[in-house]
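Chemist: Residues per chain, in single letters:
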Amino acid sequence: MSPGPVSKLTHAEYRSISESHPSADDLPVRVITPHDGLDAFRHAFTSLIRDRHFTRELAWRMFVRDTKAMFRGSFLGWFWLLLPALANTLVWVFLSGTNVVQIDSGSTPYPLFVFVGTLLWTAFNGALVAGLGVIEEAKGTLAKVNFPHEALVLSALGKTVLNTAATSVALVPFLILYPVSVRAEMLLFLPGIMATTLCGLAFGLIFVPVAALVSDLSRGIHLALRFAFFLTPVIFPLPESGTGRLVMLLNPATSLVVTSRAWLLGGEDPMLLTFAIVVAGSLLLLGTGLIALKVALPHLIERLSGA
Amino acid sequence: MQPLIKAEHVSKKFCRSLKRSLWYGIQDVTHSLNPWAREQQQADLEQPTTAADLRRDEFWALQDINFEVHRGECLGLIGHNGAGKSTLLKILNGLIRPDRGRITMRGRVAALIELNAGFNNLLTGRENIYSQAALLGFSREEIRRKFDDIVAFSEMEPFLDMPVQNYSSGMKVKLGFAVSTQLEPDILLIDEVLAVGDLGFRYKCLNRIGELLKKSAVIFVSHSMTQVIRVSSQIMMLNQGQVHYDGRNVVAGLESYYALFGGGGMTHAGSQELRFEAMYAATQGGDECSLGGQLAISNNDTLTFRMSIISQSKDIQRTVVQVLFWNHEMIPVLDVTGGSDYGFVLELSYPRTEVEVALPPLPLNAGRYSVSLILTAPGLEKVYCQTDQAMKLLVSGGSPASGAGCVVAGNWQKLNEKLSLTSLRLLNRRLLSNEKLTAADATLFDELAPGDIAVDCGANVGTITAEFAKRGAVVHAFEPDPAAYGELKRKFEAHSNVRLHQVAVAAADGRLPLYFRSERATDAVMYSVGSTLFSKKTDVLKDDFCEVEVRRLADFLRQFQRIRILKMDIEGAECEVLEDLLQERLLERIDLVLVETHEEWIPETIPRLQKIREQLQQGGYTNVFLNWI
Numbered sequence: 001m002s003p004g005p006v007s008k009l010t011h012a013e014y015r016s017i018s019e020s021h022p023s024a025d026d027l028p029v030r031v032i033t034p035h036d037g038l039d040a041f042r043h044a045f046t047s048l049i050r051d052r053h054f055t056r057e058l059a060w061r062m063f064v065r066d067t068k069a070m071f072r073g074s075f076l077g078w079f080w081l082l083l084p085a086l087a088n089t090l091v092w093v094f095l096s097g098t099n100v101v102q103i104d105s106g107s108t109p110y111p112l113f114v115f116v117g118t119l120l121w122t123a124f125n126g127a128l129v130a131g132l133g134v135i136e137e138a139k140g141t142l143a144k145v146n147f148p149h150e151a152l153v154l155s156a157l158g159k160t161v162l163n164t165a166a167t168s169v170a171l172v173p174f175l176i177l178y179p180v181s182v183r184a185e186m187l188l189f190l191p192g193i194m195a196t197t198l199c200g201l202a203f204g205l206i207f208v209p210v211a212a213l214v215s216d217l218s219r220g221i222h223l224a225l226r227f228a229f230f231l232t233p234v235i236f237p238l239p240e241s242g243t244g245r246l247v248m249l250l251n252p253a254t255s256l257v258v259t260s261r262a263w264l265l266g267g268e269d270p271m272l273l274t275f276a277i278v279v280a281g282s283l284l285l286l287g288t289g290l291i292a293l294k295v296a297l298p299h300l301i302e303r304l305s306g307a
Numbered sequence: 001m002q003p004l005i006k007a008e009h010v011s012k013k014f015c016r017s018l019k020r021s022l023w024y025g026i027q028d029v030t031h032s033l034n035p036w037a038r039e040q041q042q043a044d045l046e047q048p049t050t051a052a053d054l055r056r057d058e059f060w061a062l063q064d065i066n067f068e069v070h071r072g073e074c075l076g077l078i079g080h081n082g083a084g085k086s087t088l089l090k091i092l093n094g095l096i097r098p099d100r101g102r103i104t105m106r107g108r109v110a111a112l113i114e115l116n117a118g119f120n121n122l123l124t125g126r127e128n129i130y131s132q133a134a135l136l137g138f139s140r141e142e143i144r145r146k147f148d149d150i151v152a153f154s155e156m157e158p159f160l161d162m163p164v165q166n167y168s169s170g171m172k173v174k175l176g177f178a179v180s181t182q183l184e185p186d187i188l189l190i191d192e193v194l195a196v197g198d199l200g201f202r203y204k205c206l207n208r209i210g211e212l213l214k215k216s217a218v219i220f221v222s223h224s225m226t227q228v229i230r231v232s233s234q235i236m237m238l239n240q241g242q243v244h245y246d247g248r249n250v251v252a253g254l255e256s257y258y259a260l261f262g263g264g265g266m267t268h269a270g271s272q273e274l275r276f277e278a279m280y281a282a283t284q285g286g287d288e289c290s291l292g293g294q295l296a297i298s299n300n301d302t303l304t305f306r307m308s309i310i311s312q313s314k315d316i317q318r319t320v321v322q323v324l325f326w327n328h329e330m331i332p333v334l335d336v337t338g339g340s341d342y343g344f345v346l347e348l349s350y351p352r353t354e355v356e357v358a359l360p361p362l363p364l365n366a367g368r369y370s371v372s373l374i375l376t377a378p379g380l381e382k383v384y385c386q387t388d389q390a391m392k393l394l395v396s397g398g399s400p401a402s403g404a405g406c407v408v409a410g411n412w413q414k415l416n417e418k419l420s421l422t423s424l425r426l427l428n429r430r431l432l433s434n435e436k437l438t439a440a441d442a443t444l445f446d447e448l449a450p451g452d453i454a455v456d457c458g459a460n461v462g463t464i465t466a467e468f469a470k471r472g473a474v475v476h477a478f479e480p481d482p483a484a485y486g487e488l489k490r491k492f493e494a495h496s497n498v499r500l501h502q503v504a505v506a507a508a509d510g511r512l513p514l515y516f517r518s519e520r521a522t523d524a525v526m527y528s529v530g531s532t533l534f535s536k537k538t539d540v541l542k543d544d545f546c547e548v549e550v551r552r553l554a555d556f557l558r559q560f561q562r563i564r565i566l567k568m569d570i571e572g573a574e575c576e577v578l579e580d581l582l583q584e585r586l587l588e589r590i591d592l593v594l595v596e597t598h599e600e601w602i603p604e605t606i607p608r609l610q611k612i613r614e615q616l617q618q619g620g621y622t623n624v625f626l627n628w629i
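Those protein sequences? They're chains S and P, same order as listed.
Going by my numbering, the first residue of the first sequence is number 1, and it counts up by one from there.
Going by my numbering, the first residue of the second sequence is number 1, and it counts up by one from there.
If you're looking for bench data, these hints aren't it; they were derived computationally from the structure.
Hints are not guaranteed to be accurate.
[What the hints assert, rightly or not] Here are some chain S residues the structure puts well away from chain P; computed CB gaps all over 12 Å:
1. Gln102
2. Pro109
3. Gly133
4. Glu136
5. Ala166
6. Leu175
7. Arg226
8. Phe227
9. His299
10. Leu304
[Said to hold, decoys possible] Going by beta-carbon spacing under 10 Å, a handful of chain P positions derived as facing chain S:
11. Lys12
12. Gln40
13. Ile96
14. Asp315
On a predicted model such as this, the values are computed, not experimentally measured, just so you know.
All C-beta atoms, glycine included, are put in the ideal place defined by N, C-alpha and C.
Looking at chain S on its own, in the form it has when it is part of the complex:
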């Protein structure tokens, strides 16, 4: 390269520069150490609080960026958000209609029952997968740019909430097609499905520190989710009795799906206490997961990139 203007400073220039800038003592200090133990948690927590404004802005930018890019390359665009839930419903309505499976959804029309169930399950499932994949998705950036990583989680939350909201739009024709009695409780469905999303994200997030390192864990979780679909009362109501009921009651997603669906459609018993416990637990999990992620991330980045 040809000689350019880059030059070294004379002592006098150096002095004048030092004097014209804030003294090093006034600048924010960052100490980088191996960082284990209680200190690491304290540090993660304080930076979570300190960076909150920046995090919010960054998460918003990431959310906008990813949402804009999501369907740029497709003609159907946003319709793809609705398609999985619709397809799932059609399959089960078809199966139920041909008497291959016999499901009694009580007073509620079965297609509506399945659609709402699928909606809730997709919200939970989608959020869990999104939470699990926060690191994998941003791998390239993480290894090169330092930024508050919680923004990734926040933006993932935004994206799943958006997905859920967009899918919920399809509820409107269903509710017109299969009229249900209008009750005030129906309004609770919205917080219900949002709580479901949040729980999904919390469950996903808690596995990230290990899942980001070895793919076995996330593969296992993806597999488990397929079975979990049948261990959650999505396409059928919660059994009245038997081992099935016992297993399903142990499943945290059960209370979320059943309660939210009961609020919207009636006909099922809302499991209010379990619902409250699961939501509270999830919030705790989300907080813990976030801090754990912050503490673990430098180790993850190191192994991911191979430095």
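Got chain S sorted already, so can you dock chain P onto it with the hints?
Modeler: Chain P only, in chain S's frame:
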């Protein structure tokens, strides 16, 4: 004052095996998530790192690194691939954590590492600027404020609404660089990317980095030693994770880096019909070496080679001998020619020919060079022998800090003490295009002192007269055109040191018609510039003239013993005036003569001016400048 970056005993382990590395990763994550794990104590810092600290398949990627960087300083981090430079940069950037040690960073950190790491290819350039800037830590307000600057710097405005996937890789880095360097960091980490894009953009990059360098504490990683030498105030050379050199002697730091490679041994290529039997190089100071040796020499010292060439066959009668010097980056920097374009044509004696070549004072800058000796057929159609690394040359002195390949001592002279011709030309061009004089132009006439005599022939509206007058010189301004003279009178009536003469200067006294420019009707003052005594001048009307008084300039000048400056722009009459002044030997009395010639408008003057030029040259008149536009 506190350093902005302070690293103490920084060490980092890496693992060679992938599976094991992932397993250790899980262990480390678990360990870090255990709130009761033991924290690093001050005493731990001082502990030396040992092999016992390593798990199976692990090694120290960084071992006990210590340094400080203050604002305005730049630490150049060098070492071969895998020496740990990038790892250190990642730790400093907070991406990964050291296994031992402590780093204290003060202020905002910016990293020029991979410029387009956060780009989304589907989004447009505009959208990517927003998301990338947010990623780098700009607040929303800052992005809004700096958006236009970023776009302007990147030169990507026409493509702003195009998806980045359609950008070329060069365009992407331009955009990335523009965003990354808009931050005003206290600490700047640079990995190789000092300049990107095409040549024009690279200069912009260097300027921008130059600004940042002065304001920040910088860590600069590069394999280009030329760049390192240019920007670094201190050097740290890493080898296998350990510090091999650390200090402020940049040249010594680079030496330690080159020493790692050794440079390889001598090689011979070519048909070997001719070969070098021996070579002997000697400096003025008496140091010497032979084939494969090493010689220390100072810049500007003389160097002599003696070579003995063995021929295999009598048929080869002549060869071209070439001596070529390569720098450490294996770029040829000096070629010794002789007679022919590329080397010395040597008539061979069988079986042995001896040849000697003495070099002029060596222009090579400080550094390490290798020498190749080459024997080719005269038409270059065959290489008989090329001996690379025939010897190594260790040059000292010169100008190490510039990193330039060659250094020569120039013969410098400050010109604005005397009137500089180039500046005068610029000045006149500006005057002609009606621009205002700048402060720099005005200094041209600064050597005029109060009381000096200055003569302005063809003063027109007095722009130059005013410059003379301002410095207190006694100015005689000649202008025959009534419109211009009126203007002069208005301007200088109150000046006691300006004498106005409404006459045309020539080689004899009398009265002559003054022809006006054809555009005179539109603005008599403005177009008074071209009024002339020559009816043949191409831009005047032959029937639009007035009679004016004409005076012989020689007679007027004779009254002064010394004239500081004579400026003449008299639309064709300059030939006869100059001839007259030469004849009367009056030019000797004038320090500086500036004459505007008019060949373009009056082609007849070309042969006359040619003759005048010859006379001036023969007479040694260095004070006369013709055609100073």
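Chemist: Taking the hints in turn, state whether each one holds.
Modeler: Results for each hint:
| no. | hint | result |
| --- | --- | --- |
| 1 | Gln102 | holds (46 Å) |
| 2 | Pro109 | holds (41 Å) |
| 3 | Gly133 | holds (16 Å) |
| 4 | Glu136 | holds (14 Å) |
| 5 | Ala166 | holds (19 Å) |
| 6 | Leu175 | holds (35 Å) |
| 7 | Arg226 | holds (25 Å) |
| 8 | Phe227 | holds (25 Å) |
| 9 | His299 | violated (5 Å) |
| 10 | Leu304 | violated (9 Å) |
| 11 | Lys12 | holds (8 Å) |
| 12 | Gln40 | holds (5 Å) |
| 13 | Ile96 | holds (4 Å) |
| 14 | Asp315 | violated (47 Å) |
Taken one by one, the earlier hints fail for this structure at numbers 9, 10, 14, listed in ascending order.
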